[in-house]
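Spelled out, the chains give:
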Amino acid sequence: MASGIDRALGGARERTAARGGHGRRRRRLYPYLLLAPVILVLLAVNIYPLISSLGLSLTDYNLANAGVPARFVGLGNFQQALGDAEFLKSLLTTGEFVGVSITVEFVLGFGLALLLSRPVRGQGFFRTALVVPMIISPLIVGLLWRFMYNYDVGLINTVLAATHLPRLNLLGNPGTALLAVIITDVWQWTPLVFLLLFSGLQGLPEEPFEAARIDGASAVQTLRYLTVPLLRPIIAIALILRGMDALREYDKIYAMTGGGPGSATETISYYIYRQGFVNLNLGYAAALSYILLAIVIVLVTALVRTQLRFDEAER
Amino acid sequence: MSRSKRRAVVADGLTYVILIVATLLALVPVAWLFLTSLEPDVSSGTGRSSPRSPLGLTLANYNDVLVNSSFSQNLLNSLLVCVASVVAALALGFLAAYGLSRYRVRGGSDIAFWILSNRMLPPISVVVPLYLLLSSVNGLDKYWSLIAVYTAFSAPYAVWLMRGFLLDIPRELDQAALVDGCSPLGVLRHVILPLCAPALLASGVFLFVPAWSEFLFAFMLTSANTKTLPVAIASLITDQGIRWGDMTAAGSLLILPLVVAFFFVQKHLVRGLTFGALK
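Taken in order, these protein sequences are the chains called A and B. Note that our numbering has the first sequence beginning at 643, numbered continuously upward. Note that our numbering has the second sequence beginning at 89, numbered continuously upward.
Derived by calculation from the structure, the hints in this document are not laboratory data. Cβ coordinates follow ideal geometry from the N, Cα and C atoms, glycine included. Please note that the accuracy of each hint is not assured.
[Claimed, not checked] Derived list of chain B stretches under chain A, where covered just means 3 residues or more per stretch with a C-beta under 8 Å from a C-beta of chain A:
(1) 117-128
(2) 160-174
(3) 228-240
(4) 292-305
(5) 334-348
Full structure from sequences and hints, please.
In structure tokens:
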């Protein structure tokens, strides 16, 4: 493989080869040496525990029974999970949370991105200001909104009371608690979707839109047949990123409701946490967390394979 | 004014109105957080509403949080763990990204994707066994274990961010230095690293932000000695309710570095958020 570089190096290569070519073997090892540290750390902190968790999930290990050795129960935990009403409900709650959140975030984010792409003054200011919510720690966002929802001293009820409207107890009511949490999530993450789509819109070429305008296409037609298809990779990335994070949501649930009232806002992650660290049922929690992991892997693989090509992203 | 021109003006006006409303919705809660932190604690159970008085600003909450409690220690814990893990992740990530971007590794893109997929693991799935494993080696509530966990948490992100930056640096530079007799390690040190300095800085900020806010791992794996700030703030949630004064003050302290960092890396925000996949 005599490339131009090889020819340019010319004599240097020959001389090294004459010296026994010691460099070549070492050179081939370099990339693996460079990659090894990061891979080792990831194996140690992520993969090893996951493998250990597999073993754990096949037992009935419970921290509360410290004296009693754990028994091997095979797939018993997984069978139990399939019949566990609370677990199934948490799947439903999570599905609801993820579905509604990312849909609303997408619609609002896309809308804002389109609006800001029009010739408006202060684009920079709006772009910066609208993005603020997503840099706040999710735990603080949860606590802040819990404060805002507060019946007595919260901002929302203060405003409602001042305008002679009835106060709302959104978090305390099982019927509206999940909605309240969804609103909080929408507040925090719509800016992310907005930012991604806005950047995408800024990067679109002018000519197709000029042509469409000349051909007399309406705004809706332009949107449907031109904008959205061109933005597909970015839309996919935005939805995947948000979907993945929403699926694993924990901080906000902990901060706002602790899964309640009842189990109205108990997502999968929170239920697993409760089983493992409140009920100390670590074997069962391990099994549940494997089911969650399986769901995540399936979703990621499906979405990424169909929507993205990573080599193409290197533009 | 013609009809179409009037329609255009209305459309523009509506656009501004919506944008301004959206901006207010985005900023008012944050402003309220800061404002409330500077007011006397309303959660003393008297049900006093209207925390909106501009007068009566006080630093009592900050005094409570920083002087009368252990929060300043928690803040230092957070700082130590986050800075150490970010530096480690940057080092590991930079090396790995260099290997991936400069050498043709068999299965290179698969390795890169596997590294990225680590970031998509549900934290709860890792925390359950990790807790047991660490407790068996006396690793709970220790700095080294939390730093290691946070490093693994940040590393995939670091690899992908640096990969994006390194791909922008032409390989001809490497080759030129090699021809000049530089060793491969020397190329890394004297040619690539200086060029990457601003990228490393920006990446460092991107890694720092989620680490600083991280809650679940810290919650499970720390206790009295190494408790980080988010965990300390969460401990304000009691069965008797929350001391809002303390919460808003501590919360404001927690997010202050994030807001500052945000203003510094604004330009690179999209790149950072998509793990370097988009610019």
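Quick rundown of the hints versus the structure:
1. Counting residues of the segment 117-128 of chain B whose C-beta sits closer than 8 Å to any C-beta of chain A gives 5, which meets the bar of three, so the coverage hint holds.
2. Counting residues of the segment 160-174 of chain B whose beta-carbon sits less than 8 Å from any beta-carbon of chain A gives 0, not enough to reach three: the coverage restraint is violated.
3. A stretch counts as covered by a chain when three or more of its residues have a beta carbon under 8 Å from one of that chain; for the segment 228-240 of chain B and chain A the count is 4, and the coverage holds.
4. Chain A is given as covering the segment 292-305 of chain B, and this holds because 5 residues of the stretch bring a CB closer than 8 Å to a CB of that chain, at least three being needed.
5. Taking a C-beta to C-beta cut-off of 8 Å, the segment 334-348 of chain B contributes 7 residues in contact with chain A, enough for the three needed, and the coverage statement holds.
Of the numbered hints listed earlier, the single one contradicted by the structure is hint 2.
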